[in-house]
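Colleague: Sequence:
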Amino acid sequence: MGIAGNLSGKLASIRAMLFFSVLLLLKGWFAWIVVFDRVPPWGVVLKELPFVLAVFCLIEWFAGRRKTLWYLLGNLFLTGIFFSVAVYYRYYGIIATYRSLDQVNQVTAVRNSVFSLLNPEYVLVFTDIVVIGALLLWRKGKLAWFQPAARRASRRAIAAVFAVSVGLCLMHILPNRASMNELVKAEGMGILNYEAYALFADPPAVAAMREAPEEAKLTQEAVDALKGWTEPAVRLYRGLAAGRNVIVVQLESLQNFPIGLEVNGEEVTPVLNRLAREHFYFPRFYQQVGQGSTSDAEFVANTSLYIPPDAAAADAYARKRLPGLPRLLSEAGYDTVTFHTNVVEFWNRGELYPALGFDRYYDKEFFGDEDKVFFGASDEVLYAKTAEELERIRRSGRPFYAQVISMTAHHPFTLPEEKHRITLPEQLRDTMVGHYILAQNYADYALGLFFAELKLRGLWDNSLIVVYGDHVGLPKTSLHDGERELLETMTGRPYDYRDMLNVPLIIAAPGATHPAVFKQVGGQVDLLPTIANLLGLSLEGQLHFGRDLLNGSGYNLLPQRHFVPSGSFLNDRVLFIPGSGFADGVHLPLAGDGSGEATEDEFNRALELQRLSHLYAQQLPDLEEGE
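So the sequence shown is residues 0 to 626, counted in numbering that gives the first Met the number 0.
Worth double-checking, as some hints may not be accurate.
As the list claims (entries may be wrong) - Simulated DEER-style distance windows between Cβ atoms:
#1 L622 with E599: 22 to 28 Å
#2 Y554 with S329: 48 to 54 Å
#3 K518 with A200: 22 to 28 Å
#4 A582 with H479: 30 to 36 Å
#5 L173 with F35: 18 to 24 Å
#6 E369 with R237: 41 to 47 Å
#7 R237 with F365: 53 to 59 Å
#8 G481 with T218: 20 to 26 Å
#9 V516 with G457: 27 to 33 Å
Derived by calculation from the structure, the hints in this document are not laboratory data. These numbers were taken from a predicted model, which means no experiment stands behind them. For every residue, glycine included, the Cβ atom is placed at its ideal position computed from N, Cα and C.
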């Protein structure tokens, strides 16, 4: 009986291990198809199975009578990793790690966006867990083959399988540690191995940040040299908008391609088109956000610093006394305020805004739930109440700096029908691209109402108005082939990272600015020095990582860190995306320039710029109590 019982226990253990391993290999295959768009022969088996077996060996080693439950929980845990990686990749185009869990508290606010990314087949990866769990509850005593005996399988055999599995995992992890591109690294290691690696080791771009700051390099001269910026002898447009109010409008998910675009003979963005025709338009302007997306855009635009390597700026830097536009303008006598229709706790703005130095913020408590769309009042309400409040501030006699954050055109762009203002052709209806066009058309309409209110209230003529997009709205990874083809038909070019990262910038000082298209490449980090120049304010003693887009040569260097792999950057000619490093990277020519390549020196300088920015932010003083 003892031998028979032993054999029965071993067979039960083997059956359970094989059964759940096969299930997880199928789920690994699903994740590889979503993320890597292909499954190399035996790739999933060789790279994912060893990790799965290592987990199951631990269960066999430590679990007792409830072994089936532990197998089910192990299955749930590993399935959750595959599922999360697939969903995260659909929108952000990069591999999620444990650091991305910091965003979990934001899911309820953006649940519509999350649900839109869930193809029905994605949820099927949990089917076995639901079925087996239900069976265990319903027919607990009748699943004997599924319930390994209390006696554990041979410890020697389990130890041997565990050792071999761990060894195979390390064989995939160790040779791929130096890869800069997270996608290349994850494919080389396997998804589960990559996630485990991320728990214990920083990626190269992050590890470099851990080095102690070199005081000599934390100077404006060093930053300008890395950036490729040379101070001109005479600054053009210096003080053109001196003394004016400053109104900065950050438009949700607005990419540059809708500017000038017509659908069914109707302009998608007629208000912005007119603004671009009559004032300063920068068509080669690019986002520089990270995990915090919209809040990161606010941070970069206000501080001229880069986002941190492994977190949203609102989390990493929120307890620092951040230099930037609000403090600069406060010192110049401005009242500094920011407007956002969601709760201020969203993306930790309740700490970010004091860190940036805003005098006040206006959030959901001010705007209410009137005409609610997604998670806040509509843009129409945002602009109407903002214009009224700006008039009240103006009467105080002080100039003001107002940053206004639009929200209605947020992913997944499914506006109420009553807010649809143009008619889509048949091929665009019920598509993500069509929803996006409708949302941006509405956002443009609402912006026009805001401009009309500013004029009516006497605020337009004495203001510097800056309008830019915060981040990508249509990641190519969230579009199916038919939707990408629709975009390519509308724009007349392939849709890739170059269009994704490209957002518009328009600067208007009514009565002072003139029609002009500036072809130099710029990014959100360049907003602070550009605005400071127009206002005639000195940045002496204030370290900044951007350049004045109205002066200097056309050259620029713009590191990127999200929606594209780490190590990506733009210069005035190309968007560079690394492979394992620089040598096997991809050079994508920018619009208007079909030639040129990035250099390894630029690659290293871009990484150094990000490193110095992070080191500088870390050594900034903490906010004092009450600030």
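Colleague: Now tell me if each hint is right for this structure.
Modeller: Here's how the hints hold up against the structure:
{"no.": "1", "hint": "L622 with E599: 22 to 28 Å", "result": "violated, 40 Å"}
{"no.": "2", "hint": "Y554 with S329: 48 to 54 Å", "result": "violated, 33 Å"}
{"no.": "3", "hint": "K518 with A200: 22 to 28 Å", "result": "violated, 42 Å"}
{"no.": "4", "hint": "A582 with H479: 30 to 36 Å", "result": "holds, 33 Å"}
{"no.": "5", "hint": "L173 with F35: 18 to 24 Å", "result": "holds, 21 Å"}
{"no.": "6", "hint": "E369 with R237: 41 to 47 Å", "result": "holds, 43 Å"}
{"no.": "7", "hint": "R237 with F365: 53 to 59 Å", "result": "violated, 36 Å"}
{"no.": "8", "hint": "G481 with T218: 20 to 26 Å", "result": "violated, 52 Å"}
{"no.": "9", "hint": "V516 with G457: 27 to 33 Å", "result": "holds, 30 Å"}
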